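First to last, the protein sequences are chains S and Y.
Sequential numbering of the first sequence, starting at 40, is according to this note's numbering.
Sequential numbering of the second sequence, starting at 1027, is according to this note's numbering.
Watch out, some of these pointers could steer you wrong.
[Claimed, not checked] Derived pair list, reagent style SDA-like, types lysine to any residue, alpha-carbon separation capped at 20 Å:
no.	chain 1	residue 1	chain 2	residue 2
1	Y	Lys1219	S	His90
2	Y	Lys1131	Y	Ala1078
3	Y	Lys1098	Y	Arg1050
4	S	Lys99	S	Glu186
5	Y	Lys1215	S	Phe216
6	Y	Lys1215	S	Ala81
7	Y	Lys1089	Y	Phe1113
8	S	Lys169	S	Arg193
9	S	Lys231	Y	Lys1089
10	Y	Lys1213	S	Ala81
For the record, the hints were derived by calculation from the structure and aren't laboratory data.
Given the structure is predicted, the values throughout are model-derived calculations rather than measurements.
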Amino acid sequence: MVKTQKTLVIIKHDAVMRGLIGEVIHRFERVGLKLIAMEFLAATEDMGDKHYASSKENLKRFGQHTIDEYKQKNIDPIKKFGTNKPIELGKIIKKWNVELITRGPVLAMVWEGPDAIEIVRKLAGDTSPKKALAGTIRGDFSWDNYEIANDELRSVYNILHISGNEEEAEFEINLWFSKDEIVSDYEHYAHKAMHKMR
Amino acid sequence: MNNRNDYPTIEKTFVMIKPDGVARSLVGKIFQRLEEQGLKLIAARMITAKEAQISIHYPGNNKKWLKGVGEKTIRNYNNNKSVIEDFGNDNPLEIGKIVYKNMSKYLCKGPIIISVWEGNHAVERVRKLAGATVPTFSEVGTIRDSYAFDTPQLAIRSRRIVFKNLIHISDSVDEAQREISIWFKDKYKPLNKYERVDYIDIL
């Protein structure tokens, strides 16, 4: 038996509004991952707050994207935000992230497969669509970046949220789905086809 | 302009991707086709259906309906001898019951995706997009023609009796309303308070 992982994918409202749901699902299906949960739902503010957990590391990570991009362009974060501390910046970005994820209905899904977390990260591409490579979902469907988003006081329109690692995946899957909403107990042809080639 | 969702021609329709569609990784392609028609997704869930739910969705306890199903099956055979061989009789009602039971089993065999789509003349347009119930009879370019190839003969030969035709769609506006109320109730109400930004200006 191949060891599999589960990972959470949320098609955010920016992609829902643009009619990109099918295209994104197709990308994960064609690589051979197995869909094991799906729900179209409106996230509450409380869910958004829990989803973008306020741990120091998380806030740092949210802020660091902006700092990195500004450094490249010689923009001073202090002039824009009044701070250059990743955590302080992270708090602002988190607020925007919650605003975006609660703005309208999103499609939450769980995908399963060998190294599913890494495979999904690879397919999704960099969180800044401008930086994301061609062929990745973010690279193919958006030109947005942190500088534009920050100027417009909003989160980056980057189509997807995906779990970053195993710990995050477990936490997020439990947040968005109850145990009985996950249906992994079925035979999946794409997976079978890969094995038939042996 | 007032709320676009209030236009009389803006309809909701119910689409179910059956277990073969999910297992064959066709969810994305089918959703894509519906989105490209300008239809807006307003509800979706992945579930494993229970036989009790199927018997509300299809009128599995209605004799007239079951008899109709039996008659259609007999017509597909074109040959009464094999009907009796396969079913042990040629009574439409009895055959209808067997076919229904098989269909119910097929729909509960694996997870399905249930969804609701909203848009201008959604019911009729999704019917067109899906194509005829029997995949090989459906027009080129329809979902069923593009991704399925089942026929009554093939189904009969593999003792399935029901067609693997990937999706169920609503037949009429009234049916759509009935089906949506079966599959999406309580906390799972459709969410249509948003606009498709790629279609907003043409409405």
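Hints, verified against the model:
Among the hinted pairs, lysine 1219/Y with histidine 90/S is inconsistent with the structure: their alpha-carbon atoms are about 23 Å apart, more than 20 Å. Under the criterion of a C-alpha separation no larger than 20 Å, the hint pairing lysine 1131/Y with alanine 1078/Y is consistent with the structure, at around 11 Å. Proposed proximity of lysine 1098/Y and arginine 1050/Y is contradicted: the alpha carbons are some 28 Å apart, above 20 Å. Our distance criterion of 20 Å between C-alpha atoms is met by lysine 99/S and glutamate 186/S, whose separation comes to about 17 Å.
A distance of roughly 17 Å separates the Cα atoms of lysine 1215/Y and phenylalanine 216/S; the hinted pair therefore holds under the 20 Å criterion. Restraint check: the Cα-Cα separation between lysine 1215/Y and alanine 81/S comes to about 10 Å, which is no more than 20 Å; the hinted pair holds. The straight-line distance between the Cα atoms of lysine 1089/Y and phenylalanine 1113/Y is roughly 18 Å, inside the 20 Å bound, and the hint therefore holds. Taking the CA atoms of lysine 169/S and arginine 193/S, the gap is near 16 Å; set against the 20 Å cutoff, the hint holds.
With a CA separation close to 40 Å, the supplied pair lysine 231/S and lysine 1089/Y exceeds the 20 Å bound. At roughly 11 Å between alpha-carbon atoms, lysine 1213/Y and alanine 81/S fall within 20 Å of each other, so this suggested pair holds.
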